[in-house]
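Chains as they are written, first to last, in the working numbering: chain A, 1 to 437; chain B, 1001 to 1289.
The set of hints was computed from the structure by calculation and includes no laboratory data. None of the values given here were measured: they were computed from a predicted structure. Among the hints, erroneous ones may be present.
[What the hints assert, rightly or not] In silico EDC-like links for lysine to aspartate or glutamate, alpha-carbon gap of 16 angstroms or less:
1) B:LYS1216 x A:ASP333
2) B:LYS1216 x A:GLU368
3) A:LYS306 x A:ASP417
4) A:LYS288 x A:GLU251
5) B:LYS1114 x B:GLU1125
6) A:LYS349 x B:GLU1205
[Stated by the list, open to error] Among chain A residues calculated to face chain B with C-beta under 8 angstroms, some are:
7) PHE331
8) ARG332
9) ASP333
Note that the Cβ used here is the ideal one computed from N, Cα and C, for glycine as well.
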Amino acid sequence: MGSSGNGFIKKAMVIGGGIAGITASIDIGNAGYNVLLVEKLPSIGGRMLQLSETFPTLDCAQCTLTPKTVETGQHPRIQLHTYSEVVRVEGQAGNFIVQIRKKASYVDWEKCTGCGLCQQKCPSKYPSEFDRGMGLGKAIYTLSPQAVPNKPVINTSHCRYFLEKKCRVCEKICPVGAINYQQEDRIIEEKVGAIIVATGFDLMPIERFGEYGYGEIPDVIDGLSFERLNSASGPTNGEIRRPSDGKVPKEVVFIQCTGSRDPERYMPYCSRVCCMYTAKHARLYKHKVHEGQVYIFYMDIRSTGKGYEEFIQQTMEEGILYLRGRVSRIFRDGEKIAVWGVDTLTGKKVEVLADLVVLATAIIPHQEVKALAQILGIPIDLYGFLTEADRKLKPVETNREGIYLAGCVQGPKDIADTVAHANAAASKVQSLFARYS
Amino acid sequence: MNYLYFPGCTLYTKAKNFDQTARNCSLLLGFELIELPNWTCCGATFPLATDNLMALLPPARILARAKEQGEILTTLCAICFNVIKRTNHLLQRDGEKREKINEFMEMNYLGDLKVLHYLEILKQEIGFSTIKDKVKKPLNELQAAPYYGCMLLRPFEEMGFDDKERPTLFEEFLESLGAKPVDFPYKIECCGSFQSVGSPEVATECAYRILTSAMKQGAEVVVSTCPLCTFNLDQKQSDILKAHLDFKTIPVLYFTQLLGVAMGLDPRTLGFEQNAVDPIPLLKRKGLV
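Based on the provided sequences and hints, a complete structural model is requested.
In structure tokens:
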């Protein structure tokens, strides 16, 4: 199915290859329409690929996601444009002309077989962004061993050849001669009938929190970092070891609502997932470090999903200490981290000398969303989330026909809600296309 | 350039050494502190109740009088600075309260005076590089712990002094004197303040934690900007010794006293006799007196 007689193009573009974008792409593809999936990173999977286990079932995130990423990669109707960005959108529903910048990967993906030799031999190591700066990545890399597509890219700000004009190890080692240091960004033009924006979220950087050490205390980390520490594919192979000295932390403090529900200083909204993932973190930690003590500072527990409250109740029964109150200050005290808080239920000040502190930082939109909203001609809200056409009745439509939202780009969501939102966006695209048969 | 100066009650009594050293150092740095005529007590605390306008009258009157004489008012005591600066901030922004206070006081002050702490004068008006050039006796890498306390920094929106979680102004000042600032986590914690009257053991405990934290990071001297902090940190050390057998004393100086040492002032004019823990042995050891 391509375009119908009146020129209406029945092909969709999905921007963002996380669980929302993947879900929407598969739905639309399965309905028989072609899909362009544009992802800015070298491979799809998004945030969910960084997670260790997911609530409330505690199943492995990668095990749930990998079949989906593989399906997306092999789907006959889905065309992947990874390491790519949408730079221009013109036209209207049924006939959008889009320009996509395919960033130079310096690897000829047509030739590359994904053997991984280049990554093994690359001498340049630096803190990996995917592992939240805790593990070492190579200058030529894929995001994970199960990357889809399994093709590497070169990070020019760490590659010795780009920095010092020597090395060329990857070029020498590549058995198929796929390395091409001369590659340049390319702009391609495509025509699509509908667009789904699913660019996901970011976390408020811990550098913003002066009271929690401005991100300068190595053992004060955010929730995604804890996911990496807990992940079998993470920098510690799934052992909970703190970043500073690799010791197994015995006292761990979790602080919920860091930057959320704080209208005076940070974000006024609730990030919706922190109560659940903190409870999950606490349990996963206890499962691995039996003698460890966990303290969770919370404001309220919001567990309004199916099976969520039960999950919280079980967590509380596992000997995890919930303290209702906020933390006013964190600072380094020798090898420990002093955490000063309050337990408002007993009215007492609490001081914990912790080995590791995990901040459940607020979910915020990506910085680039603002520019993308301008390209798409759709509004953003006060905080930078894209705005749906109606809070209640049109949660996936935007006020521009043919452009839909899926997942956290519209506001904080957990995985289940994100998938439902993406299903809804995909069905909106299908009904739009069906109207022009 | 000269600056209008509000000394405050304590600087005329218990903290004469703070006042004197600041005045003497100013002259060496090329400016004079012009004492505000007919000044009164600042009120000593900024009222926490939003409708307690009566408590704002003393600082409002000080501000109005200062405005008649100049554009910048400076203070030394961190508490006076806090009260006056916050009152000024409120008069600038709250037209209703401003009108009420002005009417009651039969004055017309608009909140347009600039209130600067002496350290801010040194940084913004004189410049730490100028001070560095004028230092006669660099402090020989003296390990000095800058104790900010809370009054200079909080509430940040009103004081605007420096980053409330990790200020650096005091460190920059100490560096310009040739000292080596010691970073310690308790530098922005409360000294116990007025608790030393009602629950002295609370204040003693605060002081113990602050001083030991500084010493743990290698401090040889703690430097203060406030007479009440100095009282709690310096005079209370005899009480700390009784409560904590492991405690070792450490000199606590006003920043202006250290400035005086660095500017080469006669040590006899620096008022060390008012310090409870004698700093002379340390300064001698460092070859500074």
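Here is how each hint holds up against the structure:
no., hint, result
1, B:LYS1216 x A:ASP333, "holds, 10 angstroms"
2, B:LYS1216 x A:GLU368, "violated, 45 angstroms"
3, A:LYS306 x A:ASP417, "holds, 11 angstroms"
4, A:LYS288 x A:GLU251, "holds, 13 angstroms"
5, B:LYS1114 x B:GLU1125, "holds, 12 angstroms"
6, A:LYS349 x B:GLU1205, "holds, 15 angstroms"
7, PHE331, "holds, 4 angstroms"
8, ARG332, "holds, 7 angstroms"
9, ASP333, "holds, 7 angstroms"
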